[in-house]
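For reference, the chains in residue letters:
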Amino acid sequence: MSMPRTMLSLVLTSWAVSLAMAQGSAPVVEAKWVMAADAAHPNSTVKAAVVAKVASGYHINDHKPTLDYLIPTELKLDPLKQVDVKDVIYPKGVLKKFAFSDGPLSVYKGTVVVGSVLQVGRSIAPGAYALKGKFSYQACNDHACLPPASVPLTLTLKVVPRNVPLKPVNSDVFERAQVE
Amino acid sequence: MDEQSGVQVPAANGTGQGGQAQETPPPPERAGASKGKVLMGAVLALALVVGLYFVNRFWITPAVKIQAKPSKEHPSAPDFSLADISGKKLNLSDYRGKVLMLDFWATWCGPCRIEIPGFIELQNHYASQGFAVVGVSMDDSVEPVVEFYRQFHMNYPVALGDARLEELYGGIIGLPTTFLIGRDGRIYAKHEGATDISVFEDEIKQLLALPPDKEAVNFQQEGFLRTRGGQIELGDPAEIDSEVPGVNLSNLTAEQKEAFKKLLAGQQCPCGCKFSLLKCRQVDRQCGISRKLAREQLDKLVAKGT
Numbered sequence: 001m002s003m004p005r006t007m008l009s010l011v012l013t014s015w016a017v018s019l020a021m022a023q024g025s026a027p028v029v030e031a032k033w034v035m036a037a038d039a040a041h042p043n044s045t046v047k048a049a050v051v052a053k054v055a056s057g058y059h060i061n062d063h064k065p066t067l068d069y070l071i072p073t074e075l076k077l078d079p080l081k082q083v084d085v086k087d088v089i090y091p092k093g094v095l096k097k098f099a100f101s102d103g104p105l106s107v108y109k110g111t112v113v114v115g116s117v118l119q120v121g122r123s124i125a126p127g128a129y130a131l132k133g134k135f136s137y138q139a140c141n142d143h144a145c146l147p148p149a150s151v152p153l154t155l156t157l158k159v160v161p162r163n164v165p166l167k168p169v170n171s172d173v174f175e176r177a178q179v180e
Numbered sequence: 001m002d003e004q005s006g007v008q009v010p011a012a013n014g015t016g017q018g019g020q021a022q023e024t025p026p027p028p029e030r031a032g033a034s035k036g037k038v039l040m041g042a043v044l045a046l047a048l049v050v051g052l053y054f055v056n057r058f059w060i061t062p063a064v065k066i067q068a069k070p071s072k073e074h075p076s077a078p079d080f081s082l083a084d085i086s087g088k089k090l091n092l093s094d095y096r097g098k099v100l101m102l103d104f105w106a107t108w109c110g111p112c113r114i115e116i117p118g119f120i121e122l123q124n125h126y127a128s129q130g131f132a133v134v135g136v137s138m139d140d141s142v143e144p145v146v147e148f149y150r151q152f153h154m155n156y157p158v159a160l161g162d163a164r165l166e167e168l169y170g171g172i173i174g175l176p177t178t179f180l181i182g183r184d185g186r187i188y189a190k191h192e193g194a195t196d197i198s199v200f201e202d203e204i205k206q207l208l209a210l211p212p213d214k215e216a217v218n219f220q221q222e223g224f225l226r227t228r229g230g231q232i233e234l235g236d237p238a239e240i241d242s243e244v245p246g247v248n249l250s251n252l253t254a255e256q257k258e259a260f261k262k263l264l265a266g267q268q269c270p271c272g273c274k275f276s277l278l279k280c281r282q283v284d285r286q287c288g289i290s291r292k293l294a295r296e297q298l299d300k301l302v303a304k305g306t
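Those protein sequence lines, which keep their order, are chains G and R. Number 24 in the numbering used here belongs to position 24 of the first sequence; there are no gaps in the numbering. Number 4 in the numbering used here belongs to position 4 of the second sequence; there are no gaps in the numbering.
Check before you lean on any hint, since a few could be wrong.
[Stated by the list, open to error] Among the chain R residues that face chain G by a calculated CB cut under 8 Å, a handful are:
1. 109
2. 111
3. 174
[Unchecked claim] Listed below are the simulated BS3-like cross-link pairs for lysine-lysine, each with C-alpha atoms no more than 30 Å apart in a straight line:
4. G:134 <-> R:279
5. R:274 <-> G:132
6. R:257 <-> R:300
7. G:53 <-> R:292
8. G:158 <-> R:274
9. G:134 <-> R:292
10. G:81 <-> G:134
11. R:88 <-> R:205
12. G:53 <-> G:109
13. G:32 <-> R:292
14. G:132 <-> R:279
15. R:279 <-> G:76
Hints were generated in silico from the structure; no laboratory data involved. The beta carbon of each residue, even a glycine, is placed where N, CA and C say it ideally should be.
Using the sequences plus the hints, can you model the full thing?
See the structure below:
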């Protein structure tokens, strides 16, 4: 009886310390918004993606969670008059069994890339446009959960005339995101 | 002693171990067997002592030392009054004299959900001895809580919590967070994360053994206790209920309070909220940046004596 209890205490201590550390210093989830090209042309589509890093030991729920009571991960983008959100592409979660679940749950761990496709308007004037969005999640580790939270995001979309060539950037991210 | 079995039995002459047979020196050929008996006896005695230790440690409710004086180690549980999910008033003070388990949880929290059946069992088993469970749900709305309550046949009251209650209880970092409050109204244990029900049960037994007016000084919590210097941290009501949340204004005069608020209203908060320091404090109580700056401003104001 003593050994499992000691083990339990140690396990609880270790997760709780990690919980405290996660809360006290770095956030559990960090997210940034990146584009597939250095700029966009009028009347075109442009790929963008949110790269979220989930702290070690934690997971966030799949956009389509395994159980209906779980809070899904979501990317919400505020469209502009000349920039519409055509699509948001969520990755497939990984199945993992937790101490609190009867069966495996589909979750995101480590680096999560959520892709999006933006439609740039025909009559948009060249210039910089700030798109706002929000990456919402609810994180847990094996023994406890943190309250639902969100990371506010701002993407500066640079629009250039059609005769200005575009340079691809962040290709490693977009290979993972499978944004088509 | 029966040599075959090693079990103590009455001697054939009826004298037993203390009779004449003991006074007769053993024949030389039996001396080795006698040493073996001594060794066997020592091993058995040792096994008995070790066995008794473990029985006492884990199966018998430990004797609890008590003291009448309050200690910082076991602070008084902050009082609160909420409406439970059926609309009935739920006051912490109504539980004085009982051992209370106060569970902060949410329906969206898997580790919280697995604890609930165990809490229902504890409520069933120990309620007659003066034990009660109260759930504080941190869900945003009551509907999923009501549904969960029915689905799981919960047998103890549940109320929706709020930010003030979280702060009063020292900030609820993660869920579940469960407090055990003694009959004397003190917090004896704080468990963060899903905890084995046997751990709670051991602690409940210890606390049920206490009189309502004495503090258990040697109460032992198992698992991790989120403390500073071995103490359970609670929020300060003077800061929580302040006009500038997070800053204790109780020592200021009405004029000083107004001057302080005006000062904060005139300064931009650098946290990114685009509000003044005052507004940030009022709308985002968790913002550590505006809290720190507001406290610094208060210190300056007090130092100036204005």
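The hints, checked one at a time:
{"no.": "1", "hint": "109", "in the structure": "holds (4 Å)"}
{"no.": "2", "hint": "111", "in the structure": "holds (4 Å)"}
{"no.": "3", "hint": "174", "in the structure": "holds (4 Å)"}
{"no.": "4", "hint": "G:134 <-> R:279", "in the structure": "holds (22 Å)"}
{"no.": "5", "hint": "R:274 <-> G:132", "in the structure": "holds (16 Å)"}
{"no.": "6", "hint": "R:257 <-> R:300", "in the structure": "holds (13 Å)"}
{"no.": "7", "hint": "G:53 <-> R:292", "in the structure": "holds (28 Å)"}
{"no.": "8", "hint": "G:158 <-> R:274", "in the structure": "holds (25 Å)"}
{"no.": "9", "hint": "G:134 <-> R:292", "in the structure": "holds (27 Å)"}
{"no.": "10", "hint": "G:81 <-> G:134", "in the structure": "holds (18 Å)"}
{"no.": "11", "hint": "R:88 <-> R:205", "in the structure": "holds (29 Å)"}
{"no.": "12", "hint": "G:53 <-> G:109", "in the structure": "holds (8 Å)"}
{"no.": "13", "hint": "G:32 <-> R:292", "in the structure": "holds (27 Å)"}
{"no.": "14", "hint": "G:132 <-> R:279", "in the structure": "holds (23 Å)"}
{"no.": "15", "hint": "R:279 <-> G:76", "in the structure": "holds (26 Å)"}
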